[in-house]
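Starting from the structure of chain A, add chain B where the hints point.
So the chains spell out like this:
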Amino acid sequence: MSNVNISNLKGIVGDANVVDTSSEMAKFLKGQGQPAVVVLPGNTSEVSEIVKLANEQNVKLAVGGTVVDTEGLTGGIAMVMSRMNKMIELDHANLVAVVEPGLLHKDFLLNVAEVGLNFPPEPYEVETSSIGGCFAIGDADSKSFEYGPTRTFLLGFEMVLPTGEIMEIGNKCIKNVAGYDFIHLTVGGQGTFGIFTKLIVKLLPAPEAKLAVLGTFSSLRKANDVFHTLIQQNVLPTRMNLLNAALVPKAIPGTEGQLVLIDLQGYKASGTNFAQKVASLLSVGGATNVKIIEDEAEYNQVIDGWLNVRSELNAKPDSVLEFTIGAMKMPQALAQLEVLLGGLENYPGVVVEGLLGHVLLALPEGTNKRALAVDVNKLAMSFGGNVRGLLGNNLKSEVYNDAEMWNQTIGLIQGLRQKFDPKGILNPGVSLQA
Amino acid sequence: MLSQTVINRLKEILGEKNVVTDQVGLFAYGYDATLLAGQALGIVFPQTTEQVVEVVKYMNEQNIKLIPRGAGTNLSGGTIPTENSVIVGFGRMTKIHEIDTENFVAVVEPGTVNFDLQLELGKKGFYYPPDPASYKASTMGGNLGECSGGPRCFKYGVTRDYILGLEVVLPNGQVIETGGRDFLSESGYDLTRLIVGSEGTLGFITKIMVRVLPKPVTTRTMLAIYNTIEEASLTVAAIVSAGIVPTTLELMDNLLINTSEDACHAGLPRDAGALLIIEIDGEPEDMDQQVQVIDEITKKAGARDFKVATTAAEVDQLWLARRVAIGSVARVKPSYSLQDITVPRSTFPAAVTEVLKIAKDFNLLIGILAHAGDGNFHPLVIFDQRDEDEVKRVHAAELEICKMALGLGGTITGEHGIGLLKKKYLDLQFKPVEVDAFKKIKDTFDPKNLFNPGKILNI
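Protein sequence lines, in the order shown, are assigned to chains A and B.
Here the numbering used here is used: the first residue of the first sequence is 1, the next is one more, and so on.
Here the numbering used here is used: the first residue of the second sequence is 1, the next is one more, and so on.
Just to be clear, a hint being listed does not mean it is correct.
To be verified - Quick list of the computed label-pair ranges, beta carbon to beta carbon:
id, chain 1, residue 1, chain 2, residue 2, range
1, A, 422, B, 350, 39 to 47 angstroms
2, A, 83, B, 431, 20 to 28 angstroms
3, A, 205, B, 302, 19 to 27 angstroms
4, B, 24, A, 375, 55 to 63 angstroms
5, B, 123, A, 276, 27 to 35 angstroms
Stated by the list, open to error - With a straight-line Cα cutoff of 30 angstroms, these simulated DSSO-like cross-link-like pairs (lysine-lysine) come out:
id, chain 1, residue 1, chain 2, residue 2
6, B, 424, A, 198
7, A, 419, B, 423
8, B, 136, B, 123
9, A, 52, A, 27
10, A, 27, A, 198
11, A, 86, A, 10
12, B, 439, A, 423
13, A, 202, B, 442
14, A, 106, A, 198
15, A, 419, B, 440
16, B, 215, A, 329
17, A, 268, A, 202
18, B, 431, A, 419
In case anyone wonders, no lab produced these hints; they're calculated from the structure.
The beta-carbon is built from N, C-alpha and C at its ideal position, and this holds for glycine as well.
Chain A with its partners taken away, still in its complex shape (with noise of 0.2 angstroms):
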């Protein structure tokens, strides 16, 4: 199994950054798999040399953060990147962070904080996620109506590709189409097209004023119907979400009910008036409990359990469906959803994303998802949505009956894969079937 020279590893990083004993391996790991050997790079160059050694070995590589998902490996190499964990450069007059991507993604939240900048994308995990996993995945969240999803804000990076090459691309210019857009086609790649050593990062100025809007209701679909109120008098917030009560306690303890939480940031002005009106519909809606939350340490909290709630589903996305359909489009399509699913307010969880049409569910334990997917996503499509992402793609072809579609997508796919790693070294857990 064994079948790394670890000796040429603790050559190109030094002993004390090579892990090969098993009970310490451990805490870099997650997954079934069993790589031989955790590795700690400190910088660009070791990077690539260990890309290389890999390439020569022709063994497998997984990267991560600060754990690496070990799905795939049999032997091979993990790398973990919290030791290239700088950031570089915070460049105030052009709105640009140059990072290193092993740095935690709460703590590049705390330093673009400091210096009165915004980074809207919401951590993937709260503690562990680290900003070149927050492009690698290249989530979307409920924030991204206003701010963009996560990819927008990658203006370039440096990465080592699956050969052991280094890539540098982009700079700090938000308009730049010099060649083929290599640098947002990265961002969901899952680190299959090279590992990140540093990134170039786009920043906002900070909102002016934060403020936030809580209400409970009994019924999770009149919650929603408040929402539908909201896009239709054109008040649209940053976010806007509704977690059912089986959620709710995670978010905040001790609260019961079906919780929408409205978040505002912008100017204090209008923010006011909007929290206002917000708080009014939200009553007029049936909600109890409605509160307008100025305080900053208050603000942080319940934006904090949101959070939480987000990375526990985060973590277990064999157990969890998504699927989108127009906002507008939600109150009927939760209607047919309690229709297949029953009772949404006692279902193990359930997400409402208003502003992005977005719904996150948390199956029942011992749920088949793939049969549970079909069903969804028909429902979804009817709506003009679909099932999320590749999963998505896959059923929707299935219900054209569009084999050869979907084999010209996942051909495509895959030949891009193959072309950047032609010896299929890098990340091989990240499977880009359905």
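The following block gives chain B in isolation, referenced to the frame of chain A:
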């Protein structure tokens, strides 16, 4: 020349009037907004995705290459016919399939003119933010091909940020759908982003799902006038540092103020060194405080005058003056070369100084027009195409401007694309490892180099 058999087959697929092979037609579709020209074997105008598929499959068999074209307003030579090629004109695929403002989505065909979409959206109080200067004529397909920008990008982002999903005909004649009607439908890799800005070299777009937004409730348009362009350039970073993100921050220098005045008499001060048109949008109750901060910053940077437009007519006048600036230089000399570099915002003053120096070094007239907020410069090199020596100096200056942008940490193209025009400069910006990555992408989509050959890269 196309053989009669090929012409007949194309007419069978597309109908008689959608196939053009006469000399006048070939000439008319042989150029774009650059000085480059070429000649295709023919031009075809499909009206459906199925027709595009048929044409692509048939041309594949015939080993004839295909050049996509919208309105031909591009500034990169992207639609110039090269090699043994037929032009696929998308100008007759102009349907707006759907406008669903409730769900912030519109679905259009690639030949839809940007402005026509804006008109339809405007009826419902909505808009599509990307607004390249050519938006009254340029098509959505073309805007996507080049990943166009425009003055509003500083706050709202560029074309790629508004494209949710696509239907694409691949070089092998197969159709794929990428993305969807939201941010979350992308399949595995973000193929939508890859297609946008690929200048028609990877696939032909036949349907576009775009994100649309409600029009801002309030807009304020301001004008700051400076004695020197250096003072104007210092204002830019200061506004951003104050935490304000204007929708637009447009800069015009003395030369362009004057040519623009000659053309449209908007009342701009002819003796000013430069001016900035600054626009903010948002909620009415947030406007005054931002205007006040901007006023203070411009004064501190040395502005001799600061005005807030109070009527819609005043706003229109200002934008008219800005929009005619490029064409108006024709009064000075018959030709111009519109450069398109971007530099980091903080280096904007340095870039201004460099452009002035280049103008002097090469004895050329160069006007400066810039989307200053995002560091996107359009130095406008004014010359006479018939003066061979001057043309040589223009090309030399172009190279220097590109080098200058890269030296300041910028790019050789901010929103116009590489096409044919800047292909020779690609190696200045990219090392072989990056160019090689581009080639891998092209090879995955188009191994036979059938779509828009010779653009962006030499294969």
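Original post:
Holds or violated: 19 to 27 angstroms for the Cβ distance of residue 205 of chain A and residue 302 of chain B?
Top reply: This hint holds: roughly 24 angstroms between Cβ atoms.
Subject >> Pair hint residue 215 of chain B and residue 329 of chain A, alpha-carbon separation not exceeding 30 angstroms >> reply: holds (22 angstroms)
**OP:** Mind checking the alpha carbons of residue 52 of chain A and residue 27 of chain A for me, to see if they're no more than 30 angstroms apart?
**Re:** holds (26 angstroms)
Subject >> residue 83 of chain A versus residue 431 of chain B beta-carbon gap, inside 20 to 28 angstroms or not >> reply: Cβ of residue 83 of chain A to Cβ of residue 431 of chain B: about 26 angstroms, so the range 20 to 28 angstroms holds.
Original post:
Going straight from one Cα to the other, do residue 202 of chain A and residue 442 of chain B come out at no more than 30 angstroms?
Top reply: With a Cα-Cα distance of about 28 angstroms, the restraint between residue 202 of chain A and residue 442 of chain B holds, given a limit of 30 angstroms.
**OP:** Measure nothing beyond the straight line between the CA atoms of residue 86 of chain A and residue 10 of chain A; if it is 30 angstroms or shorter, mark the hint as holding.
**Re:** With Cα atoms ~23 angstroms apart, residue 86 of chain A and residue 10 of chain A stay inside 30 angstroms; holds.
**OP:** Compare the distance between the alpha carbons of residue 424 of chain B and residue 198 of chain A with 30 angstroms, and conclude whether the hinted pair is satisfied.
**Re:** Holds, because 28 angstroms separates the two Cα atoms, which is no more than 30 angstroms.
Original post:
If you check the beta carbons of residue 24 of chain B and residue 375 of chain A, does the distance land in 55 to 63 angstroms?
Top reply: holds (58 angstroms)
Subject >> Pair hint outcome, residue 268 of chain A versus residue 202 of chain A [Cα-Cα no greater than 30 angstroms] >> reply: Holds, because 24 angstroms separates the two Cα atoms, which is no more than 30 angstroms.
Original post:
Per the hint of 39 to 47 angstroms, is the separation of the Cβ atoms of residue 422 of chain A and residue 350 of chain B within bounds?
Top reply: holds (43 angstroms)
Subject >> Cβ distance range 27 to 35 angstroms for residue 123 of chain B and residue 276 of chain A, holds or violated >> reply: Given range 27 to 35 angstroms: holds, Cβ gap about 31 angstroms.
Original post:
Within a Cα-Cα threshold of 30 angstroms, do residue 419 of chain A and residue 440 of chain B meet the stated pairing?
Top reply: holds (6 angstroms)
When each numbered hint is compared with the structure, no violation occurs for any of them.
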